[in-house]
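So the protein lines, in turn, are chains A and B.
Using the UniProt record's numbering, count along the first sequence one by one with no gaps and you end on 157.
Using the UniProt record's numbering, count along the second sequence one by one with no gaps and you end on 550.
No lab work stands behind these hints, which were simulated from the structure alone.
Yeah, the Cβ is synthetic: ideal placement off N, Cα and C, and Gly gets one too.
A couple of the hints might just be wrong.
Stated by the list, open to error - Partial pick of chain A residues on the chain B-facing surface, computed with a CB cut under 8 Å: (1) Phe-7; (2) Lys-10; (3) Arg-11; (4) Lys-14; (5) Leu-16; (6) Gly-53; (7) Ser-106; (8) Pro-107; (9) Val-108.
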Amino acid sequence: MAPGAQFAAKRLGKELTKISKGLPAGIVLVQGDNFEEWLLDIQVLDSNPLYMGQTYRLKFKFGSSYPIEPPEVVFVKLPDRPIPIHPHIYSNGIICLDLLGQQGWSPVQNVESVCMSLQSMLTGNTKNERPPGDEEFVRGNRLRPKDIDFYYHDNNV
Amino acid sequence: MPPLNAPEEGVPAAGLASWQQDNSSTSYASYAPNMLSELPELGPLPETPTSSPPAPGPLLSPPASFMRTTRPRRFSNISISSVAATVGSETQSACVGSTRDLTGRSPVLLINYQELQYESEVDKSLECPICRTPFHAPITTKPCGHTFCSECLLRAHQLRPVCPIDRRPLDVERDFCKARVIHDQLDRLRVKCPSQGCGHVCARELLAVHYERYCEYTPVLCPDNSCDLWIARQDAAPDKGCLHKYTPCQYCSKQVMKAGLEEHYDRECSGNTVKCAQCDSSVVQHRMENHVANDCPSTVVLCKWNKYGCGKSAPRHDVQAHEKKPCIYQAIGRLAQDREDDRLIISELKVRLSAAEGRLRVAEQEKTERRERKRRQAGNTNNTMPPFVPDLNLSNSPRAAASYNNGTLDSPEDYMLAQFERMETQMEDLRKNIHELDGLHSMRLLNDTMRLNEQIAELGSKVGVIGMHTTWLMNVQRQSRGQQRAGGVVGSPLSSLASSSGGPGTTNSATGSVTNAARNAPDNEGGRYYNSSLPLRRNSDGRGENPPRL
Ligand SMILES: [Zn+2]
Ligand SMILES: [Zn+2]
Ligand SMILES: [Zn+2]
Ligand SMILES: [Zn+2]
Ligand SMILES: [Zn+2]
Ligand SMILES: [Zn+2]
Ligand SMILES: [Zn+2]
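Chain A with its partners taken away, still in its complex shape:
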């Protein structure tokens, strides 16, 4: 067991207790029976035509240093769970959000706050497009999301 795993498990246990008491509207915990990987569904609540009526599946992967280090968060594609279209979301589900990077993460964040940030990131978007260079990126990338050095060109989208 890695030295921090206790810490991560304990913290995730705490979050789980809180989640069991209720999550904000549009966020549902699908699977959270271990302290490694959780699945959540999110929906955009307002009537943004890009995302209306859709549900998206998020996969959280927690390292043993969580919450000191950020979790790895990606959208997962399933028959009824598409990857939302957004200039910061690659078509393989990888999200380019500074909050999830080494620099932008803070240990006071949690699963719930990350989901809410993603919700609002989708709510505020009007562009029906993928990030520039999406195709090459999706074809060529073998790195794990957290190891990618994103250039956070535009923080207010």
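Assemble chain B with the ligands onto chain A, guided by the hints.
Then chain B with the ligands, alone, in the frame of chain A:
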């Protein structure tokens, strides 16, 4: 307490009791070493965290992370970095590792404060935003005033030297300070003893003393020197030897580790159960006595606040419901418990102080004797010198006393003086704490009464306003009735209301117009003149026609 076999220096001081194996991973957790005391030894955090599951360790070899090859340093709060020094006093009182060498006892597993179970839900404001458990050794950031456990903040700071909440750059040396304000509240939290099998609940501040000195369930190093597993203190008698060997259970003949027998009876043993005569549940024979005394819902017991006046006595499940309601004596009971906790702390300190004083006295006597001898040896030539009287005012100026002796003192005395000085400051701290607590209590009371007073005052003013409304309404009614009685006269109540609503400014102009009217029509009848001046009079008394606002 059975005498313990103190292991020799260099014996690995940590390991995991493998009799914990059959439990969920949470039971390991309560045995995890206290991270704070290990801070200086923490290496840099791993760059890429492994994604392997927190798998339970193999059966007889404890996970490597719980092994420690060196004993903790003797004065960990002195030798570690300045950060830990800023939270030093809590470290000293809370961290088992720092005191055990002084008491010369067998090493015990350190308390992990993040794993503690609290008696009741803890206020959210006392929760660390990083680990989401009640703060342990809290530190506050000076520039932005955010509070975290020192362990949590230091871990986060190691990765990125900024405040986790607002990302302000922080410097360990300069920007961290002990969070004094919430200390009292944290100290008072009622917490369960982390030792498995011990149900003791006490103020968090007292936990270290209980756990480290009195708790019979605290894991200590196995008395067998060749074994580095942990064993509950009550089972650690040297004559029992190592209890980490396997033996068949007398009821179900399963192979069980000796130390885990009790646990086995409690949890998994299926052999030889009997029915409880009172509650009809099936219990392992071995446990029947315990079941009747502690668990059986049909045993008649007293309310837990009976010491403080509650006379309830009924079968256990009834009493439990009664306690949960809650029992009306709970408030008094809690208060009394707090007081008892305080008294315990004080008496503990008194004992330490008097011990230190006694040792100091002995040391002083030796010192005078030595001095006397020296003087007699050297002083044969000078008999007129008066006998030396030692400066007894040591407590105020131990340093001065030491320098007075000009370096002739050797270490035991110095050590005693230092000890004494420490006791003194501890007593002083305690006194201060009690004062603070007193202040806190009366503040709380004051706050509560103030709120009540405010509410009463508000109600009073509302009643006053309603009274004014009533008078106003009655006035209007009386007036309109009077005017109706006067009948067919010029200013109707409606028009008088309208003319007066303009406020003081219009009053003046109205006065002007009235005097004009009076001048222009000097031969008017008196009655008519009187009637037209009516609105002026009402207006001048300040309150006017408008109802006061709520
Ligand atoms: Zn801050
Ligand atoms: Zn914390
Ligand atoms: Zn205990
Ligand atoms: Zn052993
Ligand atoms: Zn058995
Ligand atoms: Zn029973
Ligand atoms: Zn009662």
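Consistency of the hints with the structure:
{"no.": "1", "hint": "Phe-7", "in the structure": "7 Å, holds"}
{"no.": "2", "hint": "Lys-10", "in the structure": "6 Å, holds"}
{"no.": "3", "hint": "Arg-11", "in the structure": "6 Å, holds"}
{"no.": "4", "hint": "Lys-14", "in the structure": "4 Å, holds"}
{"no.": "5", "hint": "Leu-16", "in the structure": "11 Å, violated"}
{"no.": "6", "hint": "Gly-53", "in the structure": "34 Å, violated"}
{"no.": "7", "hint": "Ser-106", "in the structure": "5 Å, holds"}
{"no.": "8", "hint": "Pro-107", "in the structure": "5 Å, holds"}
{"no.": "9", "hint": "Val-108", "in the structure": "4 Å, holds"}
Hints 5 and 6 from the list above are not met by this structure, while the remaining hints are.
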